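Colleague: Put together the whole structure using the sequences plus the hints.
To convert, count from 1 in the sequence shown and add 888; that's the working numbering.
Hints in this document: simulated from the structure, not taken from any laboratory.
If you're wondering where the values come from, they're calculated on a predicted model, not measured in any experiment.
Wrong hints could be hidden among the right ones.
[What the hints assert, rightly or not] Restraint ranges, calculated between C-beta atoms of paired labels, are given here:
#1 S922 x L1026: 27 to 37 Å
#2 N968 x A1096: 24 to 34 Å
#3 E1100 x S970: 28 to 38 Å
#4 V1116 x D1171: 56 to 66 Å
#5 S970 x Y1227: 51 to 61 Å
#6 S1188 x E1225: 30 to 40 Å
#7 A1000 x Y1237: 30 to 40 Å
#8 P973 x D1171: 39 to 49 Å
#9 E1245 x N1104: 42 to 52 Å
#10 N1176 x Y1237: 19 to 29 Å
#11 T931 x Y1170: 51 to 61 Å
[Stated by the list, open to error] With a cut-off of at most 20 Å between alpha-carbon atoms, the simulated SDA-like pairs for lysine to any residue come out as follows:
#12 K913 x I980
#13 K987 x S1011
#14 K1154 x R1187
#15 K1153 x L1026
#16 K1208 x T1198
Note that beta-carbon positions come from the ideal geometry of N, C-alpha and C, so glycine has one too.
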Amino acid sequence: MTVYNDLINILFKLPDGRSLEEYFKNILLLTKISEGDLQTGITFPASGIKKYSSYDEIIVDFKPTSQIALEAYSIFAQKNNSQTPSQVKYLIVAEQKSKESVKVALDRAKAADGKFAKIVPTSRTAADIAALAEWCLLNDRFCDFVVTNAADVEAIVNGGNNYAYAIFRKNANEAVASAVASTSTCGKFGSKFGSAQFTELKGVSAEAYTGEEISNMKAKNIAFYTNVSPIDGGETENFGYNWVIGSKMLGGELRQREMIKHYIKKSIGLMALEFFNQKPLYDETGNNLLLTMAEKRFRSFQTYNLVIPTTGEQIGFELKVTPIRVGKNSIMNTDIEAYQAKQYKLSGYYYDAIVGEKVDFTFTVDPSDEEVSQILGGDGE
889 MTVYNDLINI LFKLPDGRSL EEYFKNILLL TKISEGDLQT GITFPASGIK KYSSYDEIIV
949 DFKPTSQIAL EAYSIFAQKN NSQTPSQVKY LIVAEQKSKE SVKVALDRAK AADGKFAKIV
1009 PTSRTAADIA ALAEWCLLND RFCDFVVTNA ADVEAIVNGG NNYAYAIFRK NANEAVASAV
1069 ASTSTCGKFG SKFGSAQFTE LKGVSAEAYT GEEISNMKAK NIAFYTNVSP IDGGETENFG
1129 YNWVIGSKML GGELRQREMI KHYIKKSIGL MALEFFNQKP LYDETGNNLL LTMAEKRFRS
1189 FQTYNLVIPT TGEQIGFELK VTPIRVGKNS IMNTDIEAYQ AKQYKLSGYY YDAIVGEKVD
1249 FTFTVDPSDE EVSQILGGDG E
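Modeller: This is the structure:
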């Protein structure tokens, strides 16, 4: 049994359709659960994880006054938001058990069900937020969380973590981060629905901030939810809009752009699995198949407004494969180790539709244990 055969066996276990949609439409809520949170006679599963598809399902298990229910209400309420309708499919509640670290709880949740691109915590403590942001950085997931003290995220900002998005709230119990997370569970991040910036949240009230507070939050890339009006003073809300202000991850990159990059990376990984499922020949025939599949995938990125369109005046993307045996620059003549491992090399560039920035990339399509792990994310299970 070769590694290649192992890869094919994994492929046949993938669900029909092999769509990334559910991955991007699920939110994981990390929380500690007390007896007082649960409805009478309800016991949360010993596995520490359970999926819910509606708020009504949540309050079968949890009291409406619990923080868990408040977060869930904020998540599911955005489905009916006329400005930014959520497409969230499941809320995965993951329990952080007594004396258990954030890392251990998230590792267990991921092992049980890894179909979530985004995490929201009920905890507001600086240590838990820092641990969550670090876990997301290492595990290729995003997190949205409430900050009640701007100083709590200074280390995350200084560390350049672009997986963490913070939104300020004076009231720690407000579920504003859950609402923000929900509004961007659209599955495609090139549309207006993929951005938190200028989004009106359903069921969340706006807060007023001083100029100094706003400057401090912007300096730390912290978002906030407030009323924006051209007229100063009290009773002027009807002249403006309640909006999320803040488009950056704590590390400084645009939130929507980071999600687009993540989507493209995961989508190309899925394409690589589909490519190997064709049992390609390791020659120019296989190379041409890979290039055709990649070009089709990037045209879909243009359809979803992730990559700028190709017109007579601009090129949205350009792809090429390195020849395997043909010419002095072929893999056979320049990288014998890659040739013996039957690696394909795809490279090129695309222009991000959000900021119009050119992104160069090289993707080694490699039927090895290491590449399978990278494609599937994490441990490859």
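Colleague: A separate judgement is required for each hint: does it hold in the structure or not?
Modeller: Verification of the supplied hints:
Distance hint for S922 and L1026: a CB-CB separation of about 29 Å, consistent with the stated range 27 to 37 Å. For N968 paired with A1096, a C-beta distance near 26 Å keeps the hint of 24 to 34 Å intact. A C-beta distance of roughly 34 Å is found between E1100 and S970, which places it inside the suggested range of 28 to 38 Å. With their beta carbons about 59 Å apart, V1116 and D1171 fall inside the hinted range of 56 to 66 Å.
A hinted range of 51 to 61 Å holds for the C-beta pair S970 and Y1227, which are about 56 Å apart. Checking the proposed 30 to 40 Å range against S1188 and E1225 shows it holds: the Cβ atoms sit about 33 Å from each other. Between A1000 and Y1237 the Cβ separation comes to about 38 Å, which falls inside the hinted range of 30 to 40 Å. Distance hint for P973 and D1171: a CB-CB separation of about 48 Å, consistent with the stated range 39 to 49 Å.
Distance hint for E1245 and N1104: a CB-CB separation of about 28 Å, inconsistent with the stated range 42 to 52 Å. Range check, N1176 to Y1237: about 20 Å between beta-carbon atoms, so the 19 to 29 Å window is met. The hinted window of 51 to 61 Å between T931 and Y1170 holds, with their beta carbons roughly 54 Å apart. For the given pair, K913 sits about 11 Å from I980 by alpha-carbon distance, which is consistent with the 20 Å threshold.
Between K987 and S1011 the CA atoms are separated by roughly 14 Å; this keeps the pair inside 20 Å, and the hint holds. Under the criterion of a C-alpha separation no larger than 20 Å, the hint pairing K1154 with R1187 is consistent with the structure, at around 16 Å. Between the alpha carbons of K1153 and L1026 the distance comes to roughly 15 Å, so the proposed pair stays at or under 20 Å and holds. Using a Cα cut-off of 20 Å, the hinted pair K1208 and T1198 holds, with the two alpha carbons roughly 16 Å apart.
Hint 9 from the earlier list is the only one contradicted by this structure; the remaining hints agree with it.
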